[in-house]
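Student: Read off the chains here:
2 protein chains.
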Amino acid sequence: MAAPLLSKKSVCIVTGATRGFGKSIALTFSKKLPPGSLFILLSRNSDLLNEVANLVQQRADIRAVAAVFDQSSNNQDHFNNIITDCMSNSEVSPTDFEQSLLINNAGSLEPLEFLRDLDNIADISNFFQTNLVGCVALTAKFLQLFKPSVINSRVIINISSLGAISPMKSWALYCMAKAARDMMLKVLASEEENVRTLNYAPGPLPTDMLNTASENTKDPDLKKWFEEQLAQKTLVDCDDSARKLIAVLDKNTFENGAHFDYYDEL
Amino acid sequence: MAAPLLSKKSVCIVTGATRGFGKSIALTFSKKLPPGSLFILLSRNSDLLNEVANLVQQRADIRAVAAVFDQSSNNQDHFNNIITDCMSNSEVSPTDFEQSLLINNAGSLEPLEFLRDLDNIADISNFFQTNLVGCVALTAKFLQLFKPSVINSRVIINISSLGAISPMKSWALYCMAKAARDMMLKVLASEEENVRTLNYAPGPLPTDMLNTASENTKDPDLKKWFEEQLAQKTLVDCDDSARKLIAVLDKNTFENGAHFDYYDEL
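So the protein lines, in turn, are chains A and B. Its first residue numbered 8, the first sequence is counted upward by one per residue in my numbering. Its first residue numbered 8, the second sequence is counted upward by one per residue in my numbering.
It cannot be assumed that every hint is accurate.
Since copy identity is lost for identical chains, a pair holds within one copy or between any two.
[As the list claims (entries may be wrong)] As a list, the in silico DSBU-like pairs of lysine-lysine whose alpha-carbon atoms are at most 35 Å apart:
(1) 16 x 258
(2) 176 x 251
(3) 251 x 39
(4) 15 x 176
(5) 225 x 154
(6) 16 x 225
(7) 15 x 225
(8) 39 x 16
(9) 154 x 176
(10) 39 x 176
(11) 240 x 39
(12) 258 x 225
(13) 230 x 154
(14) 154 x 38
No lab work stands behind these hints: they were computed from the structure. Bear in mind the structure is a predicted one, so any value in this text is a computation, not a measurement.
Please model the entire structure based on the sequences and the hints provided.
Tutor: Structure, rendered in structure tokens:
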């Protein structure tokens, strides 16, 4: 049987770490990983980064370093340096760890339009810049830094969605990006040694993104569904979903590159 | 039983129409569609456009209009005007036709790199601009012009690939874009009335793209496979594949938004 994936001293990089599910992952994982593990918390939101870093470091044997990261950036240096700068600032190197984790959580939702209305080149371009381009580049930089020769366990999690495998009316760009990101990890799983990858769909979560969904979804039936979920408080708790992800990683029997949903049986 | 999809007087828009499979679709479909149909041939390659238009118009009762189209453009006017300009130049309007077809064939292949080497923001961005952004915008413009109120049959074909559903080593961007474009038509199929959409994987074709694949694919096993296909001439003929697509559209029993491969049984 494969060893549980969160049992090794790890460097754990989380994008979009200041809010919603990213924050839940950072806090929940920080209670799970062994002493000496380091969290690299990345987010556009500089105000909240230190707050989340402090929460992670409530465990005295876990460290956290935070950095402002804009996944939509077209500045090459930003991607070249973001992880290595965080490592240097923490005075650690990749060989100080037994495992590296990258949680590709950052993403955006809008524009939420029917495909017939998605004619604005700049809007579409910005969407894919944030959700695909930056995600690919950061993942490449992660793989370059944590080479198989310096670390023998690498884990990459993509925060996916039901929309990656099932079309949602008036959510074309979101579904397209999620499908593409799922495929990214499937290709990666076929290419790399010493890597475990998983596309995890966390269920409908009570985040800012869900508020946006319930306000701005154009398809009336889907909009109503989001409104009802909000009103009836039937959404999945972020921490519960993060713990389900931990259980999946603990069990470590998933097919490399698989799509796994919160509601799937473990 | 549903009526065959190519039996109506149509306006048929083909992107990437000057070479390879796009050219085959234009020529093969031109022999199939009823008199009075109009082809709108789009391509970056201005030299070859008139040549293909002339070949299409070898049938006296079929017209063709050609225009230079750059799917990677970030010029909004380019997308706003390309189809309407072609219609105006041909002195026709959407109501002159019983059916409109859009064949989203244009796309690019490189950079062909392992994911760990895909760290160049500009390269990744350009790739998705060509393969996703322009494709979404052109499709939206098509849907706006050919509204259900002016035409009661609309057909959108995405030229897909096995890579849309099955990961290919060192082809991450290509597989991601193809997966996203498949999803685009799945969402579209759920959103629109009077639309039939199909993701068609044409099989390995002896095109310029396949030469590039056999020369530049980084994964040695996959590179060898392409080289062998080329050497043994076991590739699928472009016209054969276009005729298989016609057979699928004639039968017209596919699930809306489905992925259909050349090798699938009809």
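Student: Hints first: check each against the structure and report whether it holds.
Tutor: To see whether the hints hold, each was checked on the structure:
{"no.": "1", "hint": "16 x 258", "in the structure": "within (17 Å within a copy, 58 Å between copies)"}
{"no.": "2", "hint": "176 x 251", "in the structure": "both (28 Å within a copy, 30 Å between copies)"}
{"no.": "3", "hint": "251 x 39", "in the structure": "within (13 Å within a copy, 54 Å between copies)"}
{"no.": "4", "hint": "15 x 176", "in the structure": "between (42 Å within a copy, 29 Å between copies)"}
{"no.": "5", "hint": "225 x 154", "in the structure": "between (44 Å within a copy, 18 Å between copies)"}
{"no.": "6", "hint": "16 x 225", "in the structure": "between (45 Å within a copy, 33 Å between copies)"}
{"no.": "7", "hint": "15 x 225", "in the structure": "between (45 Å within a copy, 33 Å between copies)"}
{"no.": "8", "hint": "39 x 16", "in the structure": "within (10 Å within a copy, 64 Å between copies)"}
{"no.": "9", "hint": "154 x 176", "in the structure": "between (41 Å within a copy, 18 Å between copies)"}
{"no.": "10", "hint": "39 x 176", "in the structure": "between (38 Å within a copy, 33 Å between copies)"}
{"no.": "11", "hint": "240 x 39", "in the structure": "within (28 Å within a copy, 56 Å between copies)"}
{"no.": "12", "hint": "258 x 225", "in the structure": "between (39 Å within a copy, 34 Å between copies)"}
{"no.": "13", "hint": "230 x 154", "in the structure": "between (44 Å within a copy, 24 Å between copies)"}
{"no.": "14", "hint": "154 x 38", "in the structure": "within (26 Å within a copy, 55 Å between copies)"}
The structure agrees with every numbered hint stated previously.
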